[in-house]
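Engineer: Sequence:
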Amino acid sequence: MTLAPPPRCDRLQPLSQGPLTRYTLFGRRTGLRVSEYALGTAYFGTGWGAGAEPDETRRILDRSAEAGGTFLDSADGYQFGESDHLGGRHTGPADR
Numbered sequence: 001m002t003l004a005p006p007p008r009c010d011r012l013q014p015l016s017q018g019p020l021t022r023y024t025l026f027g028r029r030t031g032l033r034v035s036e037y038a039l040g041t042a043y044f045g046t047g048w049g050a051g052a053e054p055d056e057t058r059r060i061l062d063r064s065a066e067a068g069g070t071f072l073d074s075a076d077g078y079q080f081g082e083s084d085h086l087g088g089r090h091t092g093p094a095d096r
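Take the sequence shown: its letter number 85 is residue 85 in the working numbering, and every next letter is one higher.
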């Protein structure tokens with residue numbers, strides 16, 4: 001099976017008008033567009049003794065979304081899992 005090359009991302013319409021509105025395709029076959037810059041979430045939560053409280057996490061995620069950000073760098077080990085929990089709670093279907 002031969003796959004057609006993906007469309008050029010610079011021709012895709014931005015999802016937002018913010019500064020993070022340059023998108024690229026995530027993988028070769030997913031069809032998902034993500035912002036070229038990812039928001040790191042390692043310090044969302046305070047499980048390691050330092051980091052952003054839930055209200056601050058929400059403000060950071062909201063600001064990233066307003067700017068056009070669609071790509072989060074997350075791992076279940078960040079803040080002993082608290083980072084994933086907060087990110088999921090603030091970006092779930094009820095919010096967006």
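Since the hints were made in silico from the structure, they are not lab data.
Values in this document were obtained by computation on a predicted structure and should not be read as measured data.
Cβ coordinates follow ideal geometry from the N, Cα and C atoms, glycine included.
One or more of the hints may lead you astray.
Pairwise CB distance ranges, derived in the manner of DEER restraints [to be verified]:
1. GLY49 to LEU25: 37 to 45 Å
2. GLY18 to GLY81: 12 to 20 Å
3. GLU53 to ALA75: 29 to 37 Å
4. ARG59 to ARG22: 35 to 43 Å
5. GLU56 to PRO19: 27 to 35 Å
6. TYR37 to ARG89: 21 to 29 Å
Engineer: So, for every hint listed, does it hold in this structure?
Structural biologist: Here's how the hints hold up against the structure:
1. GLY49 to LEU25: 37 to 45 Å: holds, 38 Å
2. GLY18 to GLY81: 12 to 20 Å: Violated, at about 29 Å.
3. GLU53 to ALA75: 29 to 37 Å: At roughly 20 Å between Cβ atoms, ALA75 and GLU53 fall outside 29 to 37 Å, so the hint is violated.
4. ARG59 to ARG22: 35 to 43 Å: Since ARG59 and ARG22 have Cβ atoms about 23 Å apart, the given range 35 to 43 Å is violated.
5. GLU56 to PRO19: 27 to 35 Å: Given range 27 to 35 Å: violated, Cβ gap about 21 Å.
6. TYR37 to ARG89: 21 to 29 Å: holds, 23 Å
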